[in-house]
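Same order as they appear, the protein sequences are chains A and B.
Sequential numbering from 285 applies to the first sequence in our numbering.
Sequential numbering from 459 applies to the second sequence in our numbering.
Each computed DSS-like pair below joins lysine-lysine, with the alpha-carbon atoms no more than 30 Å apart:
hint, chain 1, residue 1, chain 2, residue 2
1, B, Lys464, A, Lys366
2, B, Lys505, A, Lys436
3, A, Lys366, A, Lys436
4, A, Lys366, A, Lys290
5, B, Lys464, B, Lys505
6, B, Lys505, A, Lys366
7, A, Lys290, B, Lys505
8, B, Lys464, A, Lys436
It should be emphasised that the hints constitute simulated quantities derived from the structure, not laboratory data.
Computed from a predicted structure; not experimentally measured.
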Amino acid sequence: MGPRLKSVLFYIGGMLLLGFVSGLAGGWVAYLEASDPALAARIAPFELVSIAVLGVAGMVVALVASVRWMRVIDEAAREAHKSAWFWGGSVGLLAAMPILMMAVLPQTADWRLPDWFFGRTDPMAYAAMGAWALISLMLLGYGLAWAWWWWKRR
Amino acid sequence: MNNRLKVLRAERDWSQAHLAELLGVSRQTVNALETGRYDPSLPLAFKIARIFDQPIESIFSED
Chain A
285 MGPRLKSVLF YIGGMLLLGF VSGLAGGWVA YLEASDPALA ARIAPFELVS IAVLGVAGMV
345 VALVASVRWM RVIDEAAREA HKSAWFWGGS VGLLAAMPIL MMAVLPQTAD WRLPDWFFGR
405 TDPMAYAAMG AWALISLMLL GYGLAWAWWW WKRR
Chain B
459 MNNRLKVLRA ERDWSQAHLA ELLGVSRQTV NALETGRYDP SLPLAFKIAR IFDQPIESIF
519 SED
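Next up, chain A with everything else stripped away, as it sits in the complex:
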């Protein structure tokens, strides 16, 4: 195993460890909050900041791992990812266009959407749901386009 691949695995391992430790910490904080509601109110602002910091840290590590990964793989594999990102991502976004167009029409104002985030129906939750739906479509398109690229060249 080359040194570059080792460094990619190091960063992925780091991300997994960070996620695991974050999960443990989150569970411990949830237990404390459940046993002391007054404490929950006091630490709520710090929770949000901590989650934001962990999210940014995870994103940075994921980006570094991705850059190193793209440098480790050979040119054909790089082309596959580039092609998949362009075609899969674009088609995924295009697939969302009809839904987005309908969403701004007054006829859909009464549509009842499922709640994805623990029964929340506030605007922030719906915005997050829309963002996740777009990301999911792009990721699905990416996966299909990537598989298609290699299948065509098998």
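Given the coordinates of chain A, work out where chain B should sit on it, guided by the hints.
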């Protein structure tokens, strides 16, 4: 583009995996090259020519 990669490899009795190792690419890339469904970059084409000790034009040709 067309290429004689498979023929040249067979003449030396090399497996795709062995050629992939020599070129520093994956076996899937070698397969894609041989089937003519993937054209190599210039550096890779030069590397292929160097490994087989032949000019690029004798290995790769236009459709």
